[in-house]
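Fit chain B to the given chain A structure using the hints.
One line per chain: the protein sequences are A and B, in this order.
Mapping of the first sequence onto the numbering used here: position 27 corresponds to residue 27, and the numbering continues sequentially without gaps.
Mapping of the second sequence onto the numbering used here: position 177 corresponds to residue 177, and the numbering continues sequentially without gaps.
Honestly, the hints are just simulated from the structure, not real lab data.
Any given hint could turn out to be false.
[Said to hold, decoys possible] Some chain B residues flagged as far from chain A (calculated, every beta-carbon gap over 10 Å):
| no. | residue |
| --- | --- |
| 1 | Leu116 |
| 2 | Val133 |
| 3 | Ser154 |
| 4 | Phe240 |
| 5 | Lys256 |
| 6 | Arg362 |
| 7 | Asp546 |
[Claimed, not checked] Think about it this way: if two alpha-carbon atoms lie no more than 25 Å apart in a straight line, the pair counts; the simulated DMTMM-like pairs of lysine to aspartate or glutamate are:
| no. | chain 1 | residue 1 | chain 2 | residue 2 |
| --- | --- | --- | --- | --- |
| 8 | A | Lys43 | B | Asp254 |
| 9 | B | Lys256 | A | Asp44 |
| 10 | B | Lys256 | A | Glu190 |
| 11 | B | Lys516 | B | Glu529 |
| 12 | A | Lys43 | B | Glu235 |
| 13 | B | Lys162 | B | Glu235 |
| 14 | B | Lys488 | B | Glu135 |
| 15 | B | Lys48 | B | Asp473 |
| 16 | B | Lys488 | B | Glu46 |
| 17 | B | Lys430 | B | Glu529 |
| 18 | B | Lys516 | B | Glu438 |
| 19 | B | Lys430 | B | Asp546 |
[Stated by the list, open to error] Computed list of chain B residues with no C-beta within reach of chain A, every gap over 10 Å:
| no. | residue |
| --- | --- |
| 20 | Asn12 |
| 21 | Leu23 |
| 22 | Val36 |
| 23 | Val169 |
| 24 | Phe220 |
| 25 | Leu232 |
| 26 | Ala244 |
| 27 | Ile248 |
| 28 | Ala342 |
| 29 | Gly433 |
| 30 | Ile457 |
| 31 | Tyr471 |
| 32 | Pro522 |
Nothing here was measured: the structure is a model prediction, and the numbers come from that model.
Glycine included, every Cβ here is placed at the ideal spot set by N, Cα and C.
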Amino acid sequence: MNVAAAGARRRASFTGLYAFFATMIMFFGAFTSAMVVRRGASKDWQGVPTPNLLWINTGVLALSSVVAERARRDLQNGNRRLFNTLWAAATVLGACFVAGQIIVWRDLQQAGVYINSHSGGAFFYVGTVAHAAHLAGGWIAMVYLLVRAFSLQLGPGRRTAVDITTLYWHFLGVLWLYLLWLFWFWGNWE
Amino acid sequence: MSFLSRYIFSTNHKTIGIQYFVLALTAALLGTALSVLMRLHLTYPEAKIRLFEILWPNAAAGGVMTPELYLSLMTMHGTIMVFFVLTTVPQGGFGNFFLPLQIGAEDMAFPRINMLSFWATALAFLVLCSAFVVEGGAPLAGWTAYPPLSAVGSIAGPGMGKGMTLWVVSIALFCAASLMGAINFITTILEMRTRGMSLFRMPLTCWAWLVTALISLFAFAVLFAAGILLLLDREAGTSFFLPAGLVINDRILDRKGGSPLLWQHLFWFFGHPEVYIAILPGMGVVSTVLSVFSRKPVFGYRAMVWAMLAIGFLGFLVWGHHMFISGMSPYSSLAFSVLTLAIGVPSAVKTFNWLGTILGGRLHLETAMLWALAFVSVFVTGGLSGIALGQPALDMYFHDTYFVVGHFHIIMGVAAVFSILAGTFYWWPKMTGRMLSETLGRVHFYVTFLGVYAVFIPMHFAGIVGNPRRYSDFGQFEFLKDVQGLHKFITHAAFLTAAVQLLFIFNLIWSLYRGKKAGDNPWNATTLEWLPPSHQPHIVVRGAYDYSVPGARRDFLMQNESNGQ
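Isolated chain A (complex conformation):
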């Protein structure tokens, strides 16, 4: 592949990702408007209790983003060894976040907040599961890149994949902050 074609592929990857962001924003935007309408539709609205673990999960996801970004920059500077370590750490932190979310769901169910029993809970499960599903896609990409990195196949052609994955990961972090605000603040606001 010549240089111009490689550049075109790189630009195409970013454009495709931005388009995907747009569709995710519409998806979660529709979800938000449904929540606003549902809350206004009747007087049975209940906010979701926010277990402390949610804040720890938030910290873990933020840390994962920071570490992934660090790793990406190290790869750019040619420091592959450091990239491998940090990227592995970011991947593990990502898995920790999902594990933490699963515990949150379990705890909420033990507290009697089921998807069909609780008006705010229904939106909480849909929103957090949808976020986790998008996250799982990004995580699979991270694992794929990790395998490539450790089998020494992370050539220049894969740099774009690392950049794209990191950017997607940051986007999911911001999306998580938004959802957290929506459930914790707006959902419980009298």
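Frame of chain A; chain B shown alone:
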């Protein structure tokens, strides 16, 4: 390359385009067959028809259709036609095949996602069709699937159990597939154009595919979210769309607090842009075909582009006009009404530009051109009744009548199908290397063109009389006695129009084996898909519609032709 990777799981944009085309052709035949059965029942509601009994031994026992069976056919007809025909051929079929060729790209930006997108669509179609054979049969909720009845399961009627669930799953799959397709189209158009192909040198087809992809990207995400909520209401016992105190079939449901209107908002936020997803690619095709067969540049190219962008944008602001009778505030109705009528402006810009394109041209009335002209005709006809329906006071009366059925079939169904046929006759030589028969094409055209007017214009009259839609039998109503004759006429016209489509299918098959061999550029067109296949990238030096350029050596200059002297 093995058979599988070449023809089935192919990542080649042309193969995928053909796959979409064949899938949609299958869907169109099925959808048409369903409409014929519905018309047969509507006109002869008491008649014992052996065919019905063979097809549905339970729901049509003794050869008479139950009202539920009629509704399930209506639902499947609408869903199949809107999603798997009108959304699929113009973008997935023609777009995949011709977009890379027209902008000089080797393939779509993400070929594997493209393949995935097609197979998800095919799977969605299979899931939908499987609703016919599950317990209870196909759903009854119409293509809009309004809750509460769509959200409560089989208590709402046969087909509202498993069949309705399959419907929701199918539509969710379709959304995912369309989103993947939209990302691919946007990226391909923005990043993969060959040298010199600036955005404003692109053929209008490419612009139409771009605007359509943008609309899909925003609209299908919303339908996807709504579909997930509906599925949870059905399967997980949530109350997103179900209010408290709901009594269905003498049973009180234990849901509370939801809003059926919420679905309508979410659905129509997708549903109105969806009609532009169906029609915009057709506008691109028609603009091109009118120009080629008039041997004149498209009149007002830039205005055409801006009009498409304006239609795409305004399309997101008018969903409320589907809900005038939902009890919304008159002030909201007024706002939605004004915005709806505002779409008339860019639509009129396009119409006058089409007329401007053919005005004073040397018209070659090949079949492709006839379809393009007929598109303009039905677009105007259907658009005019849209102006009536866009006014809340009139819509209150018309909303649940055949007036609406006539309106949307002409503007959305027929217009989009005419543009698909224009595209088929125009591009078939490129897709297969052979020409379609002009004689068969003309017979098919004239019968279909007169046929659809004979079918859908009388529906407006029935609607004005107050004939309700979605009823399986209106023979009982005194005030509808006078329109029975009209319905008989509509049905016979529909049978004739449906029958003549077989001639079109025959034409396609005949052409594959016996059609005249087409050269590289049978229509003397200017766009890059008509260049002989080449491994060298094309360098574009001019716009897409340079016909009859003064002083040029022939009456057209291809986009990569620098010196026409």
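Consistency of the hints with the structure:
The Cβ of Leu116/B lies farther than 10 Å from every Cβ of chain A, with a closest approach of about 13 Å, so its non-interface assignment holds. Val133/B, annotated as away from the interface, keeps every beta carbon of chain A farther than 10 Å; the closest lies near 30 Å. Taking the minimum C-beta to C-beta distance to chain A, about 18 Å, the non-interface status of Ser154/B holds against the 10 Å cut. Once the 10 Å rule is applied to beta carbons, Phe240/B is inconsistent with being away from chain A; the minimum gap is 6 Å.
Not every beta carbon of chain A lies more than 10 Å from that of Lys256/B, the smallest distance being close to 6 Å; the non-interface claim is violated. Under the 10 Å C-beta cut-off, the non-interface status given to Arg362/B relative to chain A holds; the minimum distance is some 40 Å. The claim that Asp546/B lies off the interface holds: its Cβ sits roughly 27 Å from the closest Cβ of chain A, which is beyond the 10 Å cut-off. For the given pair, Lys43/A sits about 16 Å from Asp254/B by alpha-carbon distance, which is consistent with the 25 Å threshold.
Of the pairs offered as hints, the one joining Lys256/B and Asp44/A holds, with about 8 Å between alpha carbons and a cut-off of 25 Å not exceeded. For the given pair, Lys256/B sits about 20 Å from Glu190/A by alpha-carbon distance, which is consistent with the 25 Å threshold. With a C-alpha separation of about 19 Å, the suggested pair Lys516/B and Glu529/B falls inside the 25 Å cut-off, and the hint holds. Distance check on the hinted pair: Lys43/A and Glu235/B sit about 24 Å apart at the alpha-carbon level, within 25 Å; holds.
A C-alpha spacing of about 11 Å is found between Lys162/B and Glu235/B, which places the hinted pair at or below 25 Å, so the restraint holds. At most 25 Å may separate the alpha-carbon atoms for a hinted pair to count; Lys488/B and Glu135/B exceed this at roughly 33 Å. Between Lys48/B and Asp473/B the CA atoms are separated by roughly 14 Å; this keeps the pair inside 25 Å, and the hint holds. Distance check on the hinted pair: Lys488/B and Glu46/B sit about 14 Å apart at the alpha-carbon level, within 25 Å; holds.
At roughly 8 Å between alpha-carbon atoms, Lys430/B and Glu529/B fall within 25 Å of each other, so this suggested pair holds. At roughly 10 Å between alpha-carbon atoms, Lys516/B and Glu438/B fall within 25 Å of each other, so this suggested pair holds. For the given pair, Lys430/B sits about 20 Å from Asp546/B by alpha-carbon distance, which is consistent with the 25 Å threshold. Distance to chain A confirms Asn12/B as a non-interface residue, since its nearest Cβ pair spans about 18 Å, more than 10 Å.
Once the 10 Å rule is applied to beta carbons, Leu23/B is consistent with being away from chain A; the minimum gap is 23 Å. With a least CB separation of 37 Å from chain A, Val36/B remains clear of the 10 Å interface cut-off, as annotated. For Val169/B, the non-interface assignment is confirmed: its Cβ lies about 16 Å from the closest Cβ of chain A, beyond the 10 Å cut-off. The beta carbon of Phe220/B sits about 8 Å from the closest Cβ of chain A, which is not more than 10 Å, so the claim that it is off the interface is violated.
With a closest Cβ-Cβ approach of about 7 Å to chain A, Leu232/B is found to fall inside the 10 Å limit, against its non-interface label. Separation of Ala244/B from chain A is inadequate, the least Cβ-Cβ distance of about 7 Å not exceeding the 10 Å criterion. A cut-off of 10 Å between C-beta atoms confirms that Ile248/B is not in contact with chain A; the least separation is 18 Å. For Ala342/B, the non-interface assignment is confirmed: its Cβ lies about 23 Å from the closest Cβ of chain A, beyond the 10 Å cut-off.
No beta-carbon of chain A comes within 10 Å of the beta-carbon of Gly433/B; the shortest separation is about 29 Å. Distance check on Ile457/B: its Cβ is at least 37 Å (rounded) from any Cβ of chain A, clearing the 10 Å threshold; non-interface status holds. No Cβ of chain A comes within 10 Å of the Cβ of Tyr471/B; the nearest lies about 31 Å off, and the non-interface call holds. Every Cβ of chain A is farther than 10 Å from the Cβ of Pro522/B; the closest lies at roughly 32 Å, confirming the non-interface assignment.
Violated hints, in rising order: 4, 5, 14, 24, 25 and 26; the structure is consistent with all others.
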